[in-house]
Amino acid sequence: MEKRLGRPTRDAYGQTLVELGRADSRIVVLDADLSKSTKTCEFAKVFPDRFFNVGIQEANMVGVAAGLAASGKIPFCSSFASFLICKSYDQLRMGVAFSEYNVKIVASHGGISVGEDGASQMSIEDIALVCSLPNFVVMVPADEFATADLVRASVVHQGPVYMRTCRPKAPIIYDAQSRFQIGEGVRLREGNDVTLVANGLLVFEALCAWELLRAEGIEAGVVDMHTVKPLDRELLLNEARKTGHLVVAEEHQVWGGLGSAVASLLSRECPVRIEFIGIQDTYAESGSPDQLLEKYGLTAPHMVQAAKRVLGKI
Amino acid sequence: MKPLLLNPRQIAPKAITELKKLTRYVKHDRLQILFYERKSMIQPALEELKALAKQVRRDIIMMTAQAGSGHPGGALSCVELGVALYFGIMRHDPKNPTWPDRDRFILSKGHASSFLYSVLAHSGYFDPNILPTFRKLGSPLQGHPDHRRVPGVEASTGSLGQGLSIAIGHALARRLDQRSYFTYVLISDGETNEGQTWEAAMMAAHHKVDHLIAIMDYNKFQLDDATKVICDIEPVIDKWRSFCWHVEEIDGHDFSQIFKAIAICQKVKNRPAMIVAHTIKGKGISFMENNNDFHGVAPTQEQAARALKELE
Chain A
5 MEKRLGRPTR DAYGQTLVEL GRADSRIVVL DADLSKSTKT CEFAKVFPDR
55 FFNVGIQEAN MVGVAAGLAA SGKIPFCSSF ASFLICKSYD QLRMGVAFSE
105 YNVKIVASHG GISVGEDGAS QMSIEDIALV CSLPNFVVMV PADEFATADL
155 VRASVVHQGP VYMRTCRPKA PIIYDAQSRF QIGEGVRLRE GNDVTLVANG
205 LLVFEALCAW ELLRAEGIEA GVVDMHTVKP LDRELLLNEA RKTGHLVVAE
255 EHQVWGGLGS AVASLLSREC PVRIEFIGIQ DTYAESGSPD QLLEKYGLTA
305 PHMVQAAKRV LGKI
Chain B
781 MKPLLLNPRQ IAPKAITELK KLTRYVKHDR LQILFYERKS MIQPALEELK
831 ALAKQVRRDI IMMTAQAGSG HPGGALSCVE LGVALYFGIM RHDPKNPTWP
881 DRDRFILSKG HASSFLYSVL AHSGYFDPNI LPTFRKLGSP LQGHPDHRRV
931 PGVEASTGSL GQGLSIAIGH ALARRLDQRS YFTYVLISDG ETNEGQTWEA
981 AMMAAHHKVD HLIAIMDYNK FQLDDATKVI CDIEPVIDKW RSFCWHVEEI
1031 DGHDFSQIFK AIAICQKVKN RPAMIVAHTI KGKGISFMEN NNDFHGVAPT
1081 QEQAARALKE LE
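As you go down the protein sequences, you meet chains A and B in turn.
Everything in the first sequence is counted per this note's numbering, starting at 5 for the first residue and increasing by one.
Everything in the second sequence is counted per this note's numbering, starting at 781 for the first residue and increasing by one.
None of these hints come from the bench; they were simulated from the model.
Keep in mind that a hint or two might mislead.
Claimed, not checked - Distance condition first, Cα-Cα at most 30 Å in a straight line; then the derived BS3-like pairs of lysine-lysine:
no. : chain 1 : residue 1 : chain 2 : residue 2
1   : A       : LYS173    : A       : LYS7
2   : B       : LYS1047   : A       : LYS91
3   : A       : LYS40     : A       : LYS299
4   : A       : LYS91     : A       : LYS40
5   : A       : LYS173    : A       : LYS233
6   : A       : LYS173    : A       : LYS246
7   : B       : LYS988    : B       : LYS1040
8   : A       : LYS91     : B       : LYS834
9   : B       : LYS1000   : A       : LYS91
10  : B       : LYS875    : B       : LYS834
11  : A       : LYS299    : A       : LYS173
12  : A       : LYS233    : A       : LYS40
13  : B       : LYS830    : B       : LYS988
14  : A       : LYS246    : A       : LYS233
15  : B       : LYS1008   : B       : LYS1040
16  : B       : LYS1040   : A       : LYS91
17  : B       : LYS1019   : B       : LYS1040
18  : A       : LYS49     : B       : LYS988
19  : A       : LYS49     : B       : LYS1049
20  : A       : LYS40     : B       : LYS988
21  : A       : LYS40     : A       : LYS7
Given these sequences and hints, build the entire structure.
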């Protein structure tokens, strides 16, 4: 699989916000002093009156967004995922999830591919935390095109949305014509032996693993499960029935993320063997994103091993 | 002993009719200041407001006693503040609770829900006959306010510290939409222990948020003990002034002081306003006043009967 690096998904978010801001004056954006990193600075340049930099205060930011939504605005809140989700969790719970307000949370620097800044800046718990909030949609897009289209979809969706973006340049999977639906995974490869289910940056790794497995005579299916909640039940059941073996891969703590969601669904409706690629209940460290993905077991060779394990070949 | 049931007939019908007239008058023409200044108008109105405050207190006692739980102390302390707002100050239309130009009232201290439900019911948002269902399974009148279930409830609260931020959001939306409504938010004194309060205080002043009037029900107690004992908020006036808020300090049980302070705060431009209202927890019932045992415990049936006698 040829690696063509595109833009970081956070860049696609920033650009799409400007496009959406032009079309809909209800859209307002809040950031907690990280707009240059989350890329909401692009919106701030074009719509300074509809941009609120609240300073380094995530809890108040989410509360203010709730009030804006209650008065008819469509607020987007951004910061780093680790800070935004952890520091404003109660505000997300009461002010957004419980209140069912139309607030969109788009947080950058998800996962360990943050790199050199180290573990305090890396969000490995955000998906588990937000998935446990009723009423939230939770998404982790794979590349810039998926991000742009799902940000557009999040405006159409009435209700709370969480999207995680990433810091490094994301390998290109799709193109500008690709269209996405919230809650509908994308089947990228067909295969009868095993299904690789991934999201975010690990979709590219899964496609690389597909190639490596193919060279060894194993036909893998690959699914981009960009929406963790609501999960694409139909697609997962089809894959489980077809291949009977799954590898779920995510740049997230293995407890409570995509893997847990898939396992919970399939254990009820179509029990199959599953292997889990993710952060194995630990915190990462400083390093380059590629080094970290490799060290913490999130790259294609690790997925190949997991596929073989789930197939009983090793 | 017979269960205590709320009887809406107990409300002085004349008072309600007069107050509803007053509310309509205020709704169409924001002349509260004039209303306050005309002594001839304020005198009869004051009597009506006092009668209504008494009714709200009766409701709080009956609702919490009936439920066997709730937070009567901190509900009784903010009665005059809420009655003044809903019946003398705010532009609102109970028949159209989502009217975009309505004034907003956010009860950040959500545990005082019984007070809010009573005020909303008597304003006409819903039938006062459902007040006795407070805290019962299936009732819209949840232990803490849920805006999805009750018309007129502007925010779901109960986790302290959040109402001020939500109010800022409403006030910013007002500015963007160039509307003229005011957002009122009632916070508690103990609630300001929460760091979010000070995030909100700093941010609102920096963003020059006006048409935002916060009122602190300063009843000097929080759950475990006096605020002075648990986590003292003094010097409270200095704190808010140093955060660049306009600050007024009043007796929160004195209607004329409430009207006057709000009239002043409505004129404040380019910054938020805070009214520190000194109140008495458990106000209006001799054995509940300044008695923190009634923070989160309902009066017994016997205590409720005594309380209602005092409120006759």
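**Request:** Assess, step by step, whether the Cα of B:LYS875 is no farther than 30 Å from the Cα of B:LYS834, and give holds or violated.
**Result:** Holds, because 25 Å separates the two Cα atoms, which is no more than 30 Å.
**Request:** Could you grab the alpha-carbon distance between B:LYS830 and B:LYS988 and see if it respects the 30 Å cut-off?
**Result:** 35 Å, violated
**Request:** Would you check the hint for A:LYS40 and B:LYS988, treating anything up to 30 Å between C-alpha atoms as holding?
**Result:** 23 Å, holds
**Request:** Verify the proposed pairing of B:LYS1040 with A:LYS91, using a straight-line Cα cut of 30 Å.
**Result:** Given that 30 Å is the threshold and the Cα spacing comes to 39 Å, the pair is violated.
**Asked** Taking 30 Å as the top limit, are the C-alpha atoms of A:LYS49 and B:LYS988 close enough?
**Response** Holds - the C-alpha atoms of B:LYS988 and A:LYS49 are around 20 Å apart, at most 30 Å.
**Pair hint A:LYS246 and A:LYS233, alpha-carbon separation not exceeding 30 Å** = 23 Å, holds
**Message:** Does A:LYS246 sit within 30 Å of A:LYS173, going by the straight-line distance between their CA atoms?
**Reply:** 34 Å, violated
**Asked** Regarding the pair A:LYS233 and A:LYS40, is the alpha-carbon distance no greater than 30 Å?
**Response** Cα-Cα ~28 Å, so holds.
**Asked** Taking only the CA atoms, is the gap from A:LYS49 to B:LYS1049 under or equal to 30 Å?
**Response** Holds. A:LYS49 to B:LYS1049 sits at ~26 Å (cutoff 30 Å).
**Prompt:** Quick one, are B:LYS1008 and B:LYS1040 close enough, alpha carbons at most 30 Å?
**Reply:** Given that 30 Å is the threshold and the Cα spacing comes to 28 Å, the pair holds.
**Prompt:** When you check the alpha-carbon spacing of A:LYS40 and A:LYS299, does it fall within 30 Å?
**Reply:** 29 Å, holds
**Prompt:** Keeping to a limit of 30 Å between CA atoms, is the pair of A:LYS91 and B:LYS834 held or broken?
**Reply:** 42 Å, violated
Hint violations for this structure: numbers 2, 6, 8, 13 and 16, all remaining hints satisfied.
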